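S.K.: One line per chain: the protein sequences are W and B, in this order. Take 15 as the starting number for the first sequence in the numbering used here and just add one per residue. Take 5 as the starting number for the second sequence in the numbering used here and just add one per residue.
Wrong hints could be hidden among the right ones.
Claimed, not checked - Here are the simulated distance ranges between beta carbons: (1) B/235 with W/152: 48 to 58 Å; (2) W/259 with B/140: 47 to 57 Å; (3) W/47 with B/53: 15 to 25 Å; (4) W/279 with B/7: 49 to 59 Å; (5) B/57 with W/279: 20 to 30 Å.
Everything labelled a hint here was simulated from the structure, so no lab data went into it. Model, not experiment: these values are computed from the prediction. In this text, a Cβ means the ideal position worked out from N, Cα and C, and glycines have one as well.
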Amino acid sequence: MSDQTVSTAAQVASRSAPKKPSVAKGPFGLDKALFDKLVLAAIIIGLAAWIIPSINWRLVDRYWDRYLEGIIVTFQLVFLSVGIGAVLSLPIALARLSKRVWLTLPARAYITFFRGTPLLAQLFLLYYGAGQFNEAFEAAGLWWFFREPFYVAALTFTLNTAAYQAEIMRGAIQSLPAGQAEASQALGMSRWPTFFKVVLPQAYIVALRPLGNELILMIKGSAIASIVTVLDLMGVTNLAYARSFNFQAFFWAALLYLIAVEVVRRVWDRLERRLTRHLALAH
Amino acid sequence: MSELLGLLAWGAEGWGDELAAGAWLTIRLALVTLPFGLLLGLAIALAKESENTYLRAVGNTYTTIFRGLPELLTLFVIYNMVQLLANRIVQLVAPGSSFEISGFAAGVVALGVVFGAFSSEVFLGAIRAVPKGQGEAGRSLGLTAIQSFALITLPQLWRLALPGLGNLWLVLIKDTSLVSVIALNDLLRQTQVAVGVTKEPFFFYLIACLIYLAFTLISTVGTNVLERRANRGFAAR
Numbered sequence: 015m016s017d018q019t020v021s022t023a024a025q026v027a028s029r030s031a032p033k034k035p036s037v038a039k040g041p042f043g044l045d046k047a048l049f050d051k052l053v054l055a056a057i058i059i060g061l062a063a064w065i066i067p068s069i070n071w072r073l074v075d076r077y078w079d080r081y082l083e084g085i086i087v088t089f090q091l092v093f094l095s096v097g098i099g100a101v102l103s104l105p106i107a108l109a110r111l112s113k114r115v116w117l118t119l120p121a122r123a124y125i126t127f128f129r130g131t132p133l134l135a136q137l138f139l140l141y142y143g144a145g146q147f148n149e150a151f152e153a154a155g156l157w158w159f160f161r162e163p164f165y166v167a168a169l170t171f172t173l174n175t176a177a178y179q180a181e182i183m184r185g186a187i188q189s190l191p192a193g194q195a196e197a198s199q200a201l202g203m204s205r206w207p208t209f210f211k212v213v214l215p216q217a218y219i220v221a222l223r224p225l226g227n228e229l230i231l232m233i234k235g236s237a238i239a240s241i242v243t244v245l246d247l248m249g250v251t252n253l254a255y256a257r258s259f260n261f262q263a264f265f266w267a268a269l270l271y272l273i274a275v276e277v278v279r280r281v282w283d284r285l286e287r288r289l290t291r292h293l294a295l296a297h
Numbered sequence: 005m006s007e008l009l010g011l012l013a014w015g016a017e018g019w020g021d022e023l024a025a026g027a028w029l030t031i032r033l034a035l036v037t038l039p040f041g042l043l044l045g046l047a048i049a050l051a052k053e054s055e056n057t058y059l060r061a062v063g064n065t066y067t068t069i070f071r072g073l074p075e076l077l078t079l080f081v082i083y084n085m086v087q088l089l090a091n092r093i094v095q096l097v098a099p100g101s102s103f104e105i106s107g108f109a110a111g112v113v114a115l116g117v118v119f120g121a122f123s124s125e126v127f128l129g130a131i132r133a134v135p136k137g138q139g140e141a142g143r144s145l146g147l148t149a150i151q152s153f154a155l156i157t158l159p160q161l162w163r164l165a166l167p168g169l170g171n172l173w174l175v176l177i178k179d180t181s182l183v184s185v186i187a188l189n190d191l192l193r194q195t196q197v198a199v200g201v202t203k204e205p206f207f208f209y210l211i212a213c214l215i216y217l218a219f220t221l222i223s224t225v226g227t228n229v230l231e232r233r234a235n236r237g238f239a240a241r
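The task is simple: from the sequences and hints, build the whole structure.
M.R.: Given below as C-alpha cells:
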C-alpha cells in the first residue's frame, strides 16, 4: 500500500520535474538575460556620452537655486491644496450621499462643475474674475488674498481637488458593507462616532490608492499656476528659458518633475503597504 | 444682465461667433487627437505585452515619462521640438526653404502623445483581462496573428477598455484648454481675447466654463451609450 503511494508520488515528481533548465540563448552564445543587460548598459552609456557633453553647465549654474525654489513653491501649492481639499471633501461627499435633496443637489452641482471644466479655465475665472471685483474685495478686507497669484492658485486647486476627492471618498464609503455601520449602531454607538471610528477609517483604506493618484495629478496640474505668474517649477523654467533662450531649461524641469512624481509615488506605496499591513492583500 | 448677454451676440458687436469658433476648434482638436492617441496607446500597450525585451523597455519608458510630466510642459516641449524637427527635415529635402508646422498639428501631436501614454495603461489592463486562449483559439483556426487580434481579441478588449477610455476622453477635452498657451485660437484663447476687450473676465470665463461643462456632459451621455452598446451581450450587473 505504502509502496504504491511512494511510486505514485515518484511518478508525479518525475512528470512535473522541470526539464533541464534550458538557458535561453541570445546572440554570441551568451545567455539571453545577460545579453539584454549588456545591451541596456551600452544604450545607457551611449545616451550619457551623447547627452552629458552637450549639457550647458552655465545654465545649470545660473538657475540651479531658482529651480530648487520653484520645486518648493510647487510642493507648497500642492500639499496646501490637497490637504485643505481633503478636509473639504468630507462634508461634500457626505452631502452628496445624503438623502436630503437640498444637500445632494448643491454637492452634485459643485462636483460636476469642478470635475467637468478645465483647471486652467477655473484658475482664470477666479484670478481674473476676482480682479474685476477688487473694490468689493477691498471693502471686505480680502483683497490682499485675491491680489496674490499664489493664494488664488492655491484656492483654485483646493476647490478643484476637493471635488475630485469628494467623489473618491463617496465611492469608498459606498463600497463598504452596510453591515459595518449597522453593527456599530447595534453596539450603541451614535451616528458620528460610527462615522468617524468605523466607516471613515475603512473608507480611507479603500480610497488610499485613488487619493495617491489625485496627489500626483495635482503635482502635474499645478504647473498651470505658472500661467498666472506663480514662480513654481514650471514658472522658473519659463523664466530660465525666456532669459537664456536655451531649450535645455525644459529638460531640467522635466527631470525634476519626474523625480518629484516618482518620489511621491514611492512614499505613497510605502504608506499604503504600512496602513494595510493587517489586511491580507496581495502585493 | 441684458447688457452682459448682449456681449454674446453674433457678429461684429458681440463675441458669440468668436466663442463659437473657439469652441469648434476645441472640438476639432479633441476629435482629431482621439484616433491618433488611441492607436498610439494600443501600440504601446502591445509593446509592453510583447515578448521582446527591448519593445517592453521602450513601452515602459514611454509611459513613465509621459505620465509623470505635466501636460503643460509636454505641450511646450513637443510643440517646439516638432517645429524644430520639421524644419530640419525640410532643410534636408529642400535647403533654404522655410516651413512651419501649424499650431494645430503640433497640438494634436502633443495631446496625442499624452493621451497615448494614459490609454496604453487602460489597454494593457484590458488586454490582460481577455483570456489568452481567445487569441490562441483564433490562431488554431487558421487566422493570422493580426486577424486573430483584430477580429477576436480587440472586440472583447474594447468592451473592457471603454470605461477607462471614456474618462481619458474627458481629460483630453479639458487638456485642450492648455493649447491656448501655445497660440492656438481655441475656446479659452478666444475667451481671453474677449476679456481683453470687454474687461468682463468673470462673465466670460464663466461662459467658457459652462461651454466646457456642456462638452463633458454630452460626452458622458455619449460614452454611456457606447458602453451600453458594447455590453449588450452581457447581463446587466
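S.K.: Look at each hint and say if it fits the structure.
M.R.: Hints and how they fare:
1. B/235 with W/152: 48 to 58 Å: holds (56 Å)
2. W/259 with B/140: 47 to 57 Å: Given about 56 Å between the Cβ atoms, the range holds.
3. W/47 with B/53: 15 to 25 Å: holds (19 Å)
4. W/279 with B/7: 49 to 59 Å: This hint holds: roughly 50 Å between Cβ atoms.
5. B/57 with W/279: 20 to 30 Å: Given about 24 Å between the Cβ atoms, the range holds.
The structure shown violates none of the earlier numbered hints.
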